[in-house]
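Quick note: the sequence shown uses the working numbering, first residue 1, plus one each step.
Take the hints with a grain of salt, since some may be wrong.
[Claimed, not checked] Have a look at the derived ranges for each label pair, beta carbon to beta carbon:
| no. | residue 1 | residue 2 | range |
| --- | --- | --- | --- |
| 1 | A45 | L23 | 31 to 37 Å |
| 2 | T39 | R70 | 34 to 40 Å |
| 3 | M48 | V28 | 26 to 32 Å |
| 4 | V28 | G63 | 33 to 39 Å |
| 5 | A67 | A31 | 39 to 45 Å |
| 6 | L30 | V60 | 31 to 37 Å |
| 7 | S69 | A31 | 27 to 33 Å |
Simulated from the structure, these hints should not be mistaken for laboratory data.
Everything numeric in this text was worked out from a predicted model, so none of it was measured.
Just so you know, even glycine gets a beta-carbon here, dropped at the ideal spot from N, CA and C.
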Amino acid sequence: MPNATDLSLAVPGTLTDVYAAVLTLLLVGLATGVVVLTTGVAVTATSMTVLGALGAATLVLGGKFAAASR
Numbered sequence: 001m002p003n004a005t006d007l008s009l010a011v012p013g014t015l016t017d018v019y020a021a022v023l024t025l026l027l028v029g030l031a032t033g034v035v036v037l038t039t040g041v042a043v044t045a046t047s048m049t050v051l052g053a054l055g056a057a058t059l060v061l062g063g064k065f066a067a068a069s070r
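When you get a sec, could you build the whole thing from the sequences and use the hints?
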């Protein structure tokens with residue numbers, strides 16, 4: 001009987017294979033989650049930068065128009 005902690009001794013169809021498959025799925029899910037989270041943070045930071053630049057430009061242009069209309 002293979003040792004349950006040694007995946008190199010896994011025999012197809014054993015409980016060890018089930019553990020290995022579940023562990024693989026969990027690791028793939030974790031890696032996918034990290035990629036999605038990282039991408040989401042990057043997209044959020046980029047959009048905040050763009051919106052901040054648009055807001056600053058709006059304030060500057062608004063100030064120029066306000067000064068010109070006096």
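**Report entry** Range hint compliance [Cβ, L30 to V60, 31 to 37 Å]
**Finding:** violated, 45 Å
Query - Distance restraint evaluation - A45, L23, Cβ atoms, bounds 31 to 37 Å - result: Since A45 and L23 have Cβ atoms about 33 Å apart, the given range 31 to 37 Å holds.
Query raised in the report: Holds or violated: 27 to 33 Å for the Cβ distance of S69 and A31?
Result: About 57 Å separates the Cβ atoms of S69 and A31, which means 27 to 33 Å is violated.
Report task. Hint says 39 to 45 Å; check whether the CB-CB distance for A67 and A31 agrees. Result -> violated, 54 Å
Query - Pairwise beta carbon distance, V28 to G63, judged against the given window 33 to 39 Å - result: violated, 53 Å
Requested in this report: Using the Cβ atoms, figure out if T39 sits within 34 to 40 Å of R70.
Outcome: violated, 47 Å
Report task. Given the hint of 26 to 32 Å, check if M48 and V28 actually sit that far apart at their C-beta atoms. Result -> holds, 30 Å
In summary, the numbered hints that this structure violates are 2, 4, 5, 6, 7.
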